[in-house]
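Trainee: Those sequence lines, one after another, are chains A and B. In terms of the numbering used here, the numbers along the first sequence are unbroken and rise by one, the last being 374. In terms of the numbering used here, the numbers along the second sequence are unbroken and rise by one, the last being 331.
To be clear, the hints were calculated from the coordinates, so they are not data collected in a lab. Do not rely on the hints blindly, as some may be mistaken.
Here are the computed distance ranges between Cβ atoms for each label pair [what the hints assert, rightly or not]:
1. 70(A) to 227(B): 39 to 47 Å
2. 338(A) to 192(B): 23 to 31 Å
3. 238(B) to 314(A): 41 to 49 Å
To list a few chain A residues with every Cβ distance to chain B over 10 Å, as calculated [claimed, not checked]:
4. 71
5. 128
6. 147
7. 271
8. 279
C-beta: ideal position from N, C-alpha, C; glycine also.
Chain residues, written in single-letter form:
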Amino acid sequence: MTNTKSAQSTSKEKVKGTSTLELTRRRFLRSPMAKVGGVMVLALVIVTVFAPFFAPYDHNQIRLGKAYVPPQPIRFIDHEGRFHLRPFTYALTPGFDPDTWQRTFIEDTSRRYHLHFFVRGWEYTLFGLIRTDIHLFGVAEGGSIFVLGTDKLGRDLFSRIIFGGQVSMSVALLGAIVSALLGAIIGALSGYFGGWFDMVVQRIIELLLSFPTLPLFMALSVAIPVEWPPLGVFIGIIMIFALLSWPVLAREVRGKVLSYREEEFVMAAQALGATHLYTVFRHVLPNVVSHIVVVLTITVPDLILAEGALSFLGLGIQPPLVSWGVLLSDASTLETIGRYPWLLLPGIAILATVLAFNFLGDGLRDAVDATSTV
Amino acid sequence: MFKFIVRRLIYAVPTLILISFFSFVIINAPPGDYMTTMQNVLVAQAGMSPAEARQLADRMRAIYGLDQPFLVRYGRWISAIVTRGDFGFSFMYRRPVSEVIWQRFGMTLLVALSAHLISVLIGVLIGIYSATHRYSWGDHAATLFAFIGLSMPGFFLALILMYVLAFHFGQHVGGFFSPEYALAPWSWSRFVDFLQHFWVPVLVVGLAGTARNMRVMRANLLDVLNSNYVRTAKAKGLAPRSVIYKHAVRNAIQPIVMYLGVTMPFLLSGELVASTVLNLPTMGPVFLAALNTQDMYLAGSFLMLLAIVLVISNLLADIALSWVDPRIRYD
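Produce the complete structure using the sequences and hints provided.
Mentor: Below you can see the structure in the form of structure tokens.
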């Protein structure tokens, strides 16, 4: 072992600074789409992790008097044409449309509420540790800033989208991670050992891949008992995603491991007395890690879409937990979206997130593929 | 060729048995059955006492054989399908499953296959344009379109189309016909009305596929265009059009043909969601309702049929591939 290590380090010195990782990084940074995707994903993760800081309101706070408020414009110029350096919103007075019998909200131009940053608002605990009430933005007491409007119970849609992102993103990320682990382990073992184990695994993979995924997700999520608490359903959905998504990766890892099985470094490890399991996880699997990361990145957007569809159909995440799919299920009838079109906005969040992960995954795939000439 | 098809069909038999068993397992996974649903409805709406309702439900279970052990129920179900083409009884519709399914399943396939056809056609054409005009303005636009197409949630697209068509164009949306044509006999204007409704689900289902085909076609054609035989053809003075369409495209299109079968699940999944949003008389809304009420023979049969469609379409794709690429020998 020491010999191979020193041999590695001398070869590293010869080609200084161009390790595989460095080459991958360079290829990744050469693609503008990959960079855009990376930055978007990073931003999404930050917003999701610090959700209460970015949300101006508590996403579950009900205001019956403020139901279905349309998105409030943030203004710089007031009704008299004067420019204000600090943006503001007008106060809302409830009105009534005699034609449609609908409640309307009229901007009261006499009362301006200026936008402030790092304001104190509702209290929250970050990571269960830090108690604080600082929010990125907000307006003074008495005013309101419903950037994307409110829903049927007067809950702030913008805050709900941010908190919905927490659930949607963690379902997809955890589901993808567990399925990648399963896929990598099963695929590696199946490729390395072959024999009857490989036979059985291959049949299971074939079986799972012969079903379209969404109907399977739907059928299995019905099996989650209705008595379960929302958090239990949340974990159940993650498990369903993980248990049905591993075959693709397992098949690819198996193929790679099969091709590595007869390589010299595996034989060397065996000759030096390494056990089979040690050889697989210490020597074979690391060669496939980049590939696993790529598949992981590509699985995340698929699962975000799947969660959206499931929850939209009422089979996924259950209220009071909010996810983007749950939010969109409020907008499922023509009457609702006709009157309150802003309820469709959570769909944009899904679209943007999936787009970001697709950009990132595509860039990563090209970067990891040493033969690509992007 | 014939031998190959027969061999593949024989290989498919164990897969089909596994598929049917797995479908049945999944559909039976939820606790309770349709009678449990009925029992709850009887107590909640018909004012029956819980004990009475349970008695009634147990009697119904005995009549429909739901009190039998799992394997017996599976055995009865599958042997009825094989021997009589009887997929069981739909409790929700109070009719045999096959009566409920066939027409709707046909419409589901019609939407999915139309979307498939159009997405292959348009995807391949845009892909060829993108590859031959690499890094042009049009290529960038097509690539961006492809990314958005792949990232667009189907149900969201369906909602947006519904909103725009209904409130900005004043069109009737949902279903396959406007109310005035729903029960009318077929005529030219009814057909036009049908097309006006039909393109919406086809677009929703086919968008992602178009994007995928476009990206695959672009990448492959770029690879092929860099190969030596294309350079030779160009060097010999062949017209660029002939080089691309007669020589390059022929090789670049093979992965698309190979994926004709593999992409079917995406189309069928897309159709399920789109039809639920647009309230189409296809399998989507029925499958959802069957799952929610645990109408298990209906849901299970549909799940199994989906998988069978996939097995068949993979077989067809293999046959198509051998036709497109004569180098492939199956026997």
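Trainee: A separate judgement is required for each hint: does it hold in the structure or not?
Mentor: Comparing the hints with the structure gives:
1. 70(A) to 227(B): 39 to 47 Å: violated, 57 Å
2. 338(A) to 192(B): 23 to 31 Å: The hinted range 23 to 31 Å holds for residue 338(A) and residue 192(B), with Cβ atoms some 25 Å apart.
3. 238(B) to 314(A): 41 to 49 Å: violated, 58 Å
4. 71: holds, 16 Å
5. 128: Correct as stated: the minimum Cβ-Cβ distance to chain B is 32 Å, above 10 Å.
6. 147: With a cut-off of 10 Å, residue 147(A) remains clear of chain B, as the shortest Cβ separation is near 20 Å.
7. 271: Holds: least Cβ distance 40 Å, greater than 10 Å.
8. 279: holds, 32 Å
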